[in-house]
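Engineer: Okay, so the sequence shown: first residue is 10 according to the numbering used here, each after it adds one.
Hints in this document: simulated from the structure, not taken from any laboratory.
Hints should not be assumed to be uniformly reliable.
[To be verified] Computed beta-carbon distance windows for the label pairs:
(1) Ile193 / Val149: 36 to 44 Å
(2) Gln74 / Arg168: 29 to 37 Å
(3) Ala23 / Gly153: 15 to 23 Å
(4) Gln138 / Arg206: 45 to 53 Å
(5) Arg207 / Gln11: 33 to 41 Å
(6) Lys155 / Arg205: 26 to 34 Å
Just so you know, even glycine gets a beta-carbon here, dropped at the ideal spot from N, CA and C.
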Amino acid sequence: RQMFKKDLAAEVCAVLAFSAIQNNDKVGLLLFSDRVELFVPPKKGRRHVLRIIRDLYAFQPVSSQTHIAVALEHLLHTLRRRSIVLILSDFLNEGYERPLRILGRRHDTIAIRISDKREEQLPALGLLQVTDTETGETLVCDTGSKDFQKRLWTFVRNRDTAYAERFRKMQVDLVALNTDESYIEPLSRYFRERHRRR
Numbered sequence: 010r011q012m013f014k015k016d017l018a019a020e021v022c023a024v025l026a027f028s029a030i031q032n033n034d035k036v037g038l039l040l041f042s043d044r045v046e047l048f049v050p051p052k053k054g055r056r057h058v059l060r061i062i063r064d065l066y067a068f069q070p071v072s073s074q075t076h077i078a079v080a081l082e083h084l085l086h087t088l089r090r091r092s093i094v095l096i097l098s099d100f101l102n103e104g105y106e107r108p109l110r111i112l113g114r115r116h117d118t119i120a121i122r123i124s125d126k127r128e129e130q131l132p133a134l135g136l137l138q139v140t141d142t143e144t145g146e147t148l149v150c151d152t153g154s155k156d157f158q159k160r161l162w163t164f165v166r167n168r169d170t171a172y173a174e175r176f177r178k179m180q181v182d183l184v185a186l187n188t189d190e191s192y193i194e195p196l197s198r199y200f201r202e203r204h205r206r207r
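All chains, full assembly: derive it from the sequences and hints.
Structural biologist: Okay, structure coming up:
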């Protein structure tokens with residue numbers, strides 16, 4: 010079943026929140042755009058997790074822009090005790106490396122990168138107008154061109170390699186999820202490997 014990135018992020022958050030309360034851990038939530046839109050401080054309990062899930066699914070951002078650094082800075086100033094921090098994002102914007110590196114040193118930080126193949130493999134339909142939902146920038150692409158398809162494929166592969174290297178250098182674990190694949194196996198594999206390392 011194909012999902013949108015927002016839907017996959019919400020479902021993964023819900024599953025991880027329920028998993029955390031099974032371990033009697035506290036769970037919090039920070040939803041952001043280019044600003045912190047909602048912060049629910051960490052607490053224990055099923056009622057608290059149900060509130061978080063309700064907030065996740067009801068969330069409508071005020072802004073269409075994204076600025077991950079704002080959310081990371083908020084966490085740096087808010088979280089006093091060492092915590093496990095899971096960041097779910099497509100990580101497509103820039104400028105978050107420094108606060109993420111600092112957060113990774115202070116807390117056990119896991120980046121869950123959510124991507125959508127529909128953004129990476131455009132069908133060969135000929136001329137197609139594409140609009141960036143965050144910036145409003147529009148461009149026309151010849152998706153029927155083999156050269157365009159090859160350049161897009163190369164760009165996506167290079168970007169994925171760069172993400173892996175960037176997060177490795179920051180010493181932040183990276184889990185890649187895609188909207189057209191089950192998230193259960195990649196997350197299970199990651200947490201099994203993480204358990205072995207500890």
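Engineer: Decide, hint by hint, whether the structure agrees.
Structural biologist: Tested hints:
1. Ile193 / Val149: 36 to 44 Å: Distance hint for Ile193, Val149 holds at roughly 39 Å.
2. Gln74 / Arg168: 29 to 37 Å: Violated - the Cβ-Cβ distance for Gln74 and Arg168, about 20 Å, lies outside 29 to 37 Å.
3. Ala23 / Gly153: 15 to 23 Å: Violated, at about 40 Å.
4. Gln138 / Arg206: 45 to 53 Å: holds (47 Å)
5. Arg207 / Gln11: 33 to 41 Å: Given a distance of about 35 Å, which is inside 33 to 41 Å, the answer is holds.
6. Lys155 / Arg205: 26 to 34 Å: Because 44 Å falls outside the window, the suggested range is violated.
Hint compliance for this structure: hints 2, 3 and 6 are broken, all remaining hints hold.
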